[in-house]
Amino acid sequence: MAGSILGNRVLRKEDPKFLTTGGVYVDDLNNEPLLVGALHATFVRSTVAHANILSIDISEALESPGVVAVYTAEDLGLEPVAATFNPTAKRTLLATGKVRYVGEPVAVVLTQLANQGEDAAEKVIIDYDMLDVLVDIEQAMTSTTLIYEECGSNVVFDSTALGMPDNTGDAMFADCEVVVKGRFVNQRVAPCPLEVRGSAAAWDKDGRLIQWLSTQHAQGARDAIQKSNGIELDQLRVITPDVGGGFGAKIGAYPEEMLLGVIAKKAGKPVRWTETRSESMTALGHGRAQIQYVTIGGTKAGKVTAYQMHVLQDSGAWVDIGAILAPFMTRPMASGVYDIPKIEIRTTSVATNTTPVVAYRGAGRPEATAAVERAMDMFAAEIGKDPAEVRRMNLIPKFLEPHSTAIGQTYDVGDYEESLNRVLAASDYTKLRAEQAARRASGSVKQLGIGVSVYVEITAGNSPGESAKIEITQDGRAVVYTGTSPHGQGHVTSWAMIASDTTGIPMDKIDVVWGDTDLVPKGGGTMGSRSLQQGGVAVHVAAGELVEQARKHAARLLEANEEDVIFDKAAAAFHVAGTPAVAKSWADLSIALAQDGGLVQETDYVSQGATFPFGAHVSVVEVDTETGQVKMLRHVACDDAGKVLNPLLLEGQIHGGIAQGAAQALLEEVRYDTDGNPITSNLADYAFISAAELPSFEVIHMETPTPRNPLGAKGIGESGTIGSTPAVQSAVVDALAHLGVRHIDMPTTPQRVWEEIRKHTAKGNS
Amino acid sequence: MIPAQFDLKRASSAAEAIALIGEYGDEAKLLAGGHSLIPLMKLRLAQPAMLIDIGRISDLSYIKDAGDHIAIGALTRHMDVEKSSIVLQHVPLLAHATSHVGDAQVRHRGTIGGSLAHADSASDLPATTLALGATYVVQGPHGQREIAATDFYKGFLESALAPDEMLVEIRVPKTTGGWSFQKFNRRAQDWAIVGVAAWRNGNASGVALVNMGSTPILATSVSAALASGASIAEASELAAAEAEPQSDSNASSEYRTHLAKVLVRRALEESTR
Ligand SMILES: Cc1cc2nc3c(=O)[nH]c(=O)nc-3n(C[C@H](O)[C@H](O)[C@H](O)COP(=O)(O)OP(=O)(O)OC[C@H]3O[C@@H](n4cnc5c(N)ncnc54)[C@H](O)[C@@H]3O)c2cc1C
Chain A
1 MAGSILGNRV
11 LRKEDPKFLT
21 TGGVYVDDLN
31 NEPLLVGALH
41 ATFVRSTVAH
51 ANILSIDISE
61 ALESPGVVAV
71 YTAEDLGLEP
81 VAATFNPTAK
91 RTLLATGKVR
101 YVGEPVAVVL
111 TQLANQGEDA
121 AEKVIIDYDM
131 LDVLVDIEQA
141 MTSTTLIYEE
151 CGSNVVFDST
161 ALGMPDNTGD
171 AMFADCEVVV
181 KGRFVNQRVA
191 PCPLEVRGSA
201 AAWDKDGRLI
211 QWLSTQHAQG
221 ARDAIQKSNG
231 IELDQLRVIT
241 PDVGGGFGAK
251 IGAYPEEMLL
261 GVIAKKAGKP
271 VRWTETRSES
281 MTALGHGRAQ
291 IQYVTIGGTK
301 AGKVTAYQMH
311 VLQDSGAWVD
321 IGAILAPFMT
331 RPMASGVYDI
341 PKIEIRTTSV
351 ATNTTPVVAY
361 RGAGRPEATA
371 AVERAMDMFA
381 AEIGKDPAEV
391 RRMNLIPKFL
401 EPHSTAIGQT
411 YDVGDYEESL
421 NRVLAASDYT
431 KLRAEQAARR
441 ASGSVKQLGI
451 GVSVYVEITA
461 GNSPGESAKI
471 EITQDGRAVV
481 YTGTSPHGQG
491 HVTSWAMIAS
501 DTTGIPMDKI
511 DVVWGDTDLV
521 PKGGGTMGSR
531 SLQQGGVAVH
541 VAAGELVEQA
551 RKHAARLLEA
561 NEEDVIFDKA
571 AAAFHVAGTP
581 AVAKSWADLS
591 IALAQDGGLV
601 QETDYVSQGA
611 TFPFGAHVSV
621 VEVDTETGQV
631 KMLRHVACDD
641 AGKVLNPLLL
651 EGQIHGGIAQ
661 GAAQALLEEV
671 RYDTDGNPIT
681 SNLADYAFIS
691 AAELPSFEVI
701 HMETPTPRNP
711 LGAKGIGESG
721 TIGSTPAVQS
731 AVVDALAHLG
741 VRHIDMPTTP
751 QRVWEEIRKH
761 TAKGNS
Chain B
1 MIPAQFDLKR
11 ASSAAEAIAL
21 IGEYGDEAKL
31 LAGGHSLIPL
41 MKLRLAQPAM
51 LIDIGRISDL
61 SYIKDAGDHI
71 AIGALTRHMD
81 VEKSSIVLQH
91 VPLLAHATSH
101 VGDAQVRHRG
111 TIGGSLAHAD
121 SASDLPATTL
131 ALGATYVVQG
141 PHGQREIAAT
151 DFYKGFLESA
161 LAPDEMLVEI
171 RVPKTTGGWS
181 FQKFNRRAQD
191 WAIVGVAAWR
201 NGNASGVALV
211 NMGSTPILAT
221 SVSAALASGA
231 SIAEASELAA
241 AEAEPQSDSN
251 ASSEYRTHLA
261 KVLVRRALEE
271 STR
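First to last, the protein sequences are chains A and B.
Taking our numbering, the leading residue of the first sequence gets 1, the next gets one more, and so forth.
Taking our numbering, the leading residue of the second sequence gets 1, the next gets one more, and so forth.
Please note: incorrect hints may appear among the correct ones.
Which chain A residues stay away from chain B? Per the calculated CB distances, all over 12 Å, these [as the list claims (entries may be wrong)]:
1) LEU6
2) GLY77
3) LEU93
4) GLN116
5) ALA121
6) GLN409
7) GLU417
8) GLN474
Restraint ranges, calculated between C-beta atoms of paired labels, are given here [said to hold, decoys possible]:
9) ASP15(A) with ASP103(B): 42 to 52 Å
10) THR47(A) with SER228(B): 47 to 57 Å
11) LYS174(B) with HIS760(A): 38 to 48 Å
12) GLY230(A) with GLN189(B): 46 to 56 Å
13) ALA160(B) with LYS90(A): 53 to 63 Å
14) ASP103(B) with ASN677(A): 24 to 34 Å
15) GLU269(B) with HIS738(A): 39 to 49 Å
16) ARG187(B) with VAL445(A): 34 to 44 Å
17) GLY229(B) with ASP132(A): 33 to 43 Å
18) ASP28(A) with ASP103(B): 18 to 28 Å
19) LEU648(A) with ASP103(B): 54 to 64 Å
These are computed hints drawn from the structure, not numbers from a lab.
Each residue gets a CB set at the ideal place from its N, CA and C atoms; glycine is no exception.
Kindly produce the complete structure, drawing on both the sequences and the hints.
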């Protein structure tokens with residue numbers, strides 16, 4: 001696009017603020033008039049994983065310094081609410097009857113100062129009658145102890161109940177020459193946004209609830225908050241201040257957030273709430289948490305002909321979105337980039353006495369990719385072939401028309417082999433293999449591992465579209481209203497680029513507004529890598545329509561025919577052909593229309609279907625065979641997100657994605673003891689990755705535009721995570737492949753790696 | 001994550017701090033850099049009612065060449081130890097080990113005295129000063145006494161310090177010859193899963209282990225074996241002879257034992273080079 005700003009490395013408009021005065025997060029709203037005199041809420045949380053509540057004694061807490069009130073479910077008149085995805089399961093937003101996980105809110109303490117709350121919360125005495133604790137998914141599946149008695153089972157969601165076919169077992173592999181089975185744990189991880197959850201609620205003088213919320217989706221949260229407060233939609237305004245990360249875990253509204261208005265009403269004062277990191281580690285939803293039983297079969301020559309998986313999805317102690325990711329995201333993407341004629345996937349979601357599982361960067365697709373990529377590696381190892389070659393043999397060939405897979409998913413466009421070729425070339429794969437062979441031959445303590453992954457994922461699948469509004473102010477600025485909700489992605493820059501590209505208004509005269517339900521009543525938020533391909537496209541369409549609308553007004557003002565009015569983008573003005581000196585600027589038009597509602601264009605962009613970003617990653621690690629220590633040496637990624645709007649922002653998404661994926665492969669895991677006590681509830685115990693553990697990433701570009709939207713853009717927010725996790729994990733396994741090691745579950749901790757080495761050698765056994 | 005309520009008094013000298021401990025007794029805790037105590041308070045594993053802030057006692061922040069040893073004031077920050085030319089010249093092992101403590105922010109706040117008094121076997125400096133044969137000078141209401149590092153560590157977060165005493169100076173003998181610090185952890189700023197501080201000069205050596213028991217462990221069997229002519233490989237097999245490694249979420253006791261042997265061997269190889 002000659003002369004277009006699109007495709008350029010435009011620096012982020014939002015950065016000067018973040019790097020100087022800093023963001024304004026919920027906890028920073030100290031100058032908000034409606035919050036003057038606000039009380040501070042601290043939730044009293046269950047300290048046990050599964051127990052009947054015998055009594056709650058708040059008397060001592062009421063005496064604690066600064067305490068204004070202590071409320072239980074009874075005080076707030078809370079009724080049980082049904083889980084969206086399994087209405088049989090019911091809970092109250094503050095626990096009644098029983099508690100189901102450590103961290104579940106049971107009561108709330110209101111104090112004058114924020115730091116008085118924890119002292120007071122400690123003094124709420126809850127008498128528990130302990131129940132058997134179910135932490136392990138497979139144990140929970142068969143246990144007679146039920147987490148939701150009314151469900152009659154701890155299985156809260158099963159793909160067969162949705163009418164999806166059950167697996168037929170080994171019969172499916174009867175004609176395979178080679179069959180390999182695996183049990184893979186895709187472990188539970190914590191999203192760990194740097195800004196924990198926070199909210200503030202105030203009822204204004206008109207009886208409207210104004211609630212500030214750290215969220216990825218104000219409009220969705222508004223709907224949940226409306227219900228819990230029992231008010232009409234127009235009695236509620238949700239405002240999103242700056243948000244310090246979400247990663248999927250801040251999509252929905254949590255009990256604390258749904259209750260803050262109720263609490264404020266009862267107290268007759270505004271209420272503020274910010275959780276601590278320790279709370280966040282147990283009360284913000286977790287991600288992943290699958291056990292995958294996988295069978296892969298095919299020919300000795302390397303053609304995979306059958307693939308079967310039973311996914312056991314840990315739902316945690318509620319039936320939240322985590323329970324449905326397995327059937328609706330993992331299952332349809334299970335065969336990924338491979339042309340596998342026979343496939344069967346069953347998913348079973350199980351309640352346990354752990355933190356509820358929600359969406360986390362990739363949400364179901366990284367799990368699908370990890371399973372099939374590990375299976376491919378094991379299959380390749382079984383037939384003694386190079387894992388990259390076996391992949392190549394099985395890839396769906398390049399297609400530019402929709403392609404349907406055996407499981408019934410239809411992909412837009414794909415050229416998987418090209419992405420594989422690019423990463424293999426960029427990583428100098430042949431040379432890496434030679435170096436690996438040399439190290440093996442020399443018996444070096446430091447062995448080299450090379451991991452390959454090829455993936456395709458689905459973005460914006462369940463999202464109908466997005467709206468955008470552009471308003472031209474009388475000084476010629478453009479204000480873009482978007483239903484997406486940036487929290488690190490850079491929409492202020494991207495949407496300004498898009499609007500500027502069509503309207504000619506310079507980027508520094510374009511403002512972007514989001515996350516305030518009064519200003520942007522409709523919106524799908526930012527999640528599932530949907531923003532550019534829907535929200536950005538909506539801005540693009542709106543901008544085009546705005547120019548056409550403006551052309552009409554200009555024609556009228558210039559007393560010319562519409563066809564004769566030229567839009568000069570460079571000058572950002574309209575003139576009659578041949579007389580550029582007499583032009584109407586955006587400001588002129590806005591002023592002229594001031595009495596008629598101004599110059600505004602609103603668009604509802606209707607999605608033309610999901611897009612399917614794809615790519616390939618090569619990861620190189622060094623394993624210290626004496627200690628089991630893994631060091632990442634290189635990571636080469638080729639992620640095809642379609643047409644690229646801003647390579648700088650694209651790379652930022654890829655870098656963050658690779659880091660989070662590598663973190664899951666190497667370090668991170670939420671763990672509980674057998675009593676359901678979390679043992680990773682701070683960032684010292686939970687091995688959050690840092691830059692020091694990561695190499696400099698090598699990002700290879702590739703652009704296969706999707707035909708499904710006018711910008712040709714697919715999602716990029718999650719790709720890095722999806723491609724990197726199995727590449728890093730497989731690299732660790734590969735370093736030890738010569739010893740006979742075929743699989744190591746994530747995280748590949750030094751101890752796990754050492755144990756594998758020891759199992760396969762006498763030497764590691766000192 | 002929010003500490004229980006407490007009061008704070010600031011001491012301007014060791015004597016004043018000791019008097020304040022006398023006054024508040026069990027309820028009081030000394031606060032130096034706060035980088036071990038405050039995290040414990042935030043997790044409510046410690047709930048002192050009174051903190052006595054000794055962080056500003058500037059005359060306890062020094063590094064001196066004292067002939068056969070160097071003397072370090074208890075309130076000296078890690079960063080000052082790490083960068084000190086005296087330490088780098090005469091006890092490079094200590095400077096190097098100190099550079100492995102947490103991150104730069106931690107090292108600008110944390111003090112050597114706080115690290116040793118805290119007596120955490122997972123910390124780097126207790127084992128390092130133990131390997132180096134250091135002596136700690138402590139002061140109480142009746143004056144000062146010296147405690148050898150070998151006599152100081154009594155149990156998990158337990159030391160020979162009396163409740164009314166404070167650590168004022170660390171004396172570390174000058175070393176010559178080779179040395180090594182091996183820290184095995186998962187992330188750059190983590191505590192060691194196992195660590196080894198070692199020096200060697202001919203037949204003489206000092207080897208101590210981080211996080212291999214409830215106290216820092218002096219691996220005397222290793223040094224004895226080396227002194228009687230054992231090879232490094234043979235000696236390092238004895239690495240865990242004095243240890244009682246615990247199992248925790250990072251490592252089993254068996255894995256720790258294995259790591260100790262590998263790391264002691266590597267440390268001795270590096271010290272002998
Ligand atoms: C994120 C992080 C990472 C860290 N990583 C490491 C690491 O990798 N390795 C490592 O070794 N350490 C690590 N530390 C701990 C750090 O080194 C601490 O600074 C140190 O252990 C304690 O020193 P302090 O001055 O902060 O002591 P404080 O926290 O102030 O006090 C610790 C204890 O010692 C007592 N005390 C302090 N000074 C004296 C004194 N002079 N006499 C008597 N008692 C005293 C206090 O009463 C308290 O009980 C880390 C800390 C943090 C926060």
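Hints, one by one, checked against the model:
1. LEU6: LEU6(A) is indeed farther than 12 Å from all Cβ atoms of chain B, at 39 Å.
2. GLY77: 29 Å, holds
3. LEU93: Holds, because the least Cβ-Cβ distance between LEU93(A) and chain B comes to about 23 Å, which exceeds 12 Å.
4. GLN116: Check fails; 8 Å does not lie beyond 12 Å.
5. ALA121: Given a closest Cβ separation of 10 Å, the condition is violated.
6. GLN409: The claim holds: GLN409(A) sits with its nearest Cβ about 38 Å from chain B, beyond 12 Å.
7. GLU417: 37 Å, holds
8. GLN474: 49 Å, holds
9. ASP15(A) with ASP103(B): 42 to 52 Å: The hint (42 to 52 Å, Cβ to Cβ) is violated, given that ASP15(A) and ASP103(B) are roughly 24 Å apart.
10. THR47(A) with SER228(B): 47 to 57 Å: Because 55 Å falls inside the window, the suggested range holds.
11. LYS174(B) with HIS760(A): 38 to 48 Å: For LYS174(B) and HIS760(A) the Cβ distance comes to about 47 Å; the hint holds.
12. GLY230(A) with GLN189(B): 46 to 56 Å: Holds - the Cβ-Cβ distance for GLY230(A) and GLN189(B), about 48 Å, lies within 46 to 56 Å.
13. ALA160(B) with LYS90(A): 53 to 63 Å: 58 Å, holds
14. ASP103(B) with ASN677(A): 24 to 34 Å: 29 Å, holds
15. GLU269(B) with HIS738(A): 39 to 49 Å: Roughly 26 Å apart at Cβ, these two residues miss the hinted range, so it is violated.
16. ARG187(B) with VAL445(A): 34 to 44 Å: Hint violated: Cβ distance 22 Å, outside 34 to 44 Å.
17. GLY229(B) with ASP132(A): 33 to 43 Å: Violated - the Cβ-Cβ distance for GLY229(B) and ASP132(A), about 59 Å, lies outside 33 to 43 Å.
18. ASP28(A) with ASP103(B): 18 to 28 Å: For ASP103(B) against ASP28(A), whose Cβ atoms are near 25 Å apart, the range 18 to 28 Å holds.
19. LEU648(A) with ASP103(B): 54 to 64 Å: 28 Å, violated
Hint check: violations occur at hints 4, 5, 9, 15, 16, 17, 19; the rest are consistent with the structure.
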